[in-house]
Amino acid sequence: MAVANNELEKVIIQSVLEELAKKGLLSNKSKDHIMSTTMLDTPQFSNNSSEEMVTFPSLDEMQISKPFNADAVKAMKKSTPARIGIGRAGTRPKTLSWLRFLADHAVAQDAVFLDVSDEFLKQNDLMSVQSAVTSKEEFLTRPDLGRRLSEDAIKTVSDKCEKNVQVQILVVDGLSSTAIEANIPDLLPSLMQGLKSAGIKVGTPFFVKYGRVWAQDHVAALINCDVIVSLIGERPGLGTAESLSAYMIYRPDKKTVEADRTVVSNIHKGGIPPAEAGAHLADVVQQILTAKASGVKFNQQK
Amino acid sequence: MPEGNIQTITSVGIDIGTTTTQLVISRLTIENTASGTFVPRVEITDKEVIHRSQIYFTPLSDRNLIDAVAVSKIVETEYLAAGLAPDKIDTGAVIITGETSKKENAKAIIDALAGYAGDFVVATAGANLEGIYAGKGSGAAAFSAQRHQVVMNIDVGGGTSNYAMFHEGKAVGTTCLNVGGHLIEFDPQGDRITYIAEPAKIVLHSTGQRLQVGERMTLPQLRPLVKAMATCIVEVLKPTKQSELTMELLMTPPLQINHTIRKVMISGGVADYVYAPQGPVTMSEVTVFGDFGPLLGWELKNCLEAAGFVLEKPNETVRATVIGTGTQSVNLSGSTIHLQEKTLPLRNVMVISPFPVTIPETVQGIGEAIQQEMLRLQVIESEGSVALAMKGPRTMSFANINILAEGVLLGMEKYLSQNKPLILVIEADCGKVLGQCINAHTNRPLELICIDQLEVENCDYIDIGKPLMGGRVVPVVLKTLVFNR
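Residue numbers (the working numbering), protein chains in the order written: chain A, 12 to 313; chain B, 27 to 511.
These aren't lab readings, by the way, just hints derived from the structure by calculation. Each hint should be verified, as a subset may be incorrect.
[Said to hold, decoys possible] Only pairs whose alpha carbons sit at most 20 Å apart, straight line, appear in this in silico DMTMM-like list of lysine to aspartate or glutamate:
1) A/K89 <-> B/E224
2) B/K492 <-> B/E194
3) A/K207 <-> B/E57
4) A/K313 <-> A/D271
5) B/K114 <-> B/D93
6) A/K85 <-> B/E194
7) A/K280 <-> B/D455
8) B/K289 <-> A/D82
9) A/K89 <-> B/E57
10) A/K313 <-> B/E57
11) B/K196 <-> A/D82
12) A/K147 <-> A/E162
13) A/K89 <-> B/E194
14) A/K174 <-> A/D237
15) A/K89 <-> B/E453
16) A/K88 <-> B/E194
17) A/K89 <-> A/E63
18) A/K280 <-> B/E453
With the hints as extra help, turn the sequences into a complete structure.
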């Protein structure tokens, strides 16, 4: 029997064989034999597998049909994650580009709507507290509630966290739980190692669910630390949903404004690699401690 | 902006070729182009040539001996003309090129000059490097990046033609042919032969001509010879099998042609005649500099055009190599630098690559691979420092970076016990974290330079200069073996 090399062909052969076997016209043994000779040793589909994973060709693939200068398109595509050099079908994008766009949009939505898993928090030894927000919907519609801790969280932090440390680190889901799961396992230990080597007293990092950047001000007030660092998921884009930012502030208080925060953004495997970012952040935190200032005031001192 | 975000350094390039010796002094502006608290990204943002020397004939005390004293006099004179003392020069390179580098005494010349020309000037040579510097100086490298087109730069000098093919700004192929405009010498503007170099004799043999020093040569006699040379230069660019003559004249393995070559740039002393509106018509026009360079340029142009290549005009012709040497020999690299000020500069640091294929998975494996390579190269017995070059950790995970750090410390234990600095050169973007991990895993105070995002493929030695930009970066010059031919 000829080896089936076409996916559709395989699927047809498999369904026919299964149908024959069901009707008793073919023994299971011969069915398996025929399937393996047609390279179907793993069943291609079963009746309930309507949600199959789809793999797109790599992003840097040239999709312009007759490029004048293919090298130029390649070089430009290399310089940006934007959807350039994707060709067109009449006035519209090609099917593949359009599907990829939809898929990337879905990834971005997942990053916002999914939660950081309990298993992940356990693996990374992160205690979890929640902001004053009670649900994902409320988190998205009420930014003000995401900026402070819930009553329970205030109690937990006050009871369990070490006070008067030099540095406290928070892991905050923000707008991308995907970013947290992708970066924290390499970023956090690297940052902790850097701070410890420098002899800095660091509190045990913990996780804030439904948190926004300002939640760090509330935590800092509770535990009286010098510098508080929030590692927070960035609003996902169509380029990546894995980007994470570090917001750092020296002794926030009621007069704190956004310009008082120092931020290092674009931490992900295509930007600043997370482990390298950890070492860099350790440096920045040390500088902030020395300068006793963050944000614009810190930059002016440098 | 905060201090230390912009700085200028002065770089010198000295090119001692078969025929001419030149010098340029450039001012390089280096700048941290990353804003605020982002990871610093220090780049050379501007290159300005502030002094171009006269073009001197290379001083030779006899046919095979460069006059060291005269060369250093030239350097001294030109520094004076530029108003700069040697100690004001931060970096740079002396490149000994073409036929000259084959001559036995060249090393002594380089040594004499390195002491003369500032604190951190490196000596370098090698046909391939020469071709690359010429292509960077002529503008071919920039052309290939801006137009996204493959361009071949051929630097045709007095003794050799150095080829470098550029794709997206990077050199992707080099070779060198023993053909140049000064292989036969004449009385200036005359027709009496005063010298015939060995490669010219080979070509003469192939054209069936018999000529001796002292004889007179006519333009109809000279033309077929020069045409044959030009044909060889063009033949190198073709993917077809090359003639015996071309093979004989090649000084390196032939060019690996992985790209279609259409655009060609010619630099070097002969280049001005390639781009001239008309060729020389009398013998005295040909031998205006006591050689046949003008005719070679003209014949090369005809030959290239006949073969269907498109000639592009370079920004620099006769000065391409020296400008490339002065402005392009320095790489700036930064990351983790824990060093005492006096440790730098470090010269002739041997580069060793203990993981040619893949990096082992375990600390033990990494350590053993390093130990073996150190043993093979007898590093412990030698005086100098070494740099460990690698692509990066197995993956960019923190765990793998730690394994690499521990492996390096294990493999380098003996070396480090000699109180030598630990120098790492990595291609991946992880210099800071690797440095941090190494410091976390060691119990002795280390002198550590961890340089990332730098490729040192095909490089035998590096020189590391004094740190710049408040200690955040060091200038690194990559060198191939000085006399590898």
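| field | Hints not upheld, ascending by number | value | 1, 2, 3, 5, 9, 17
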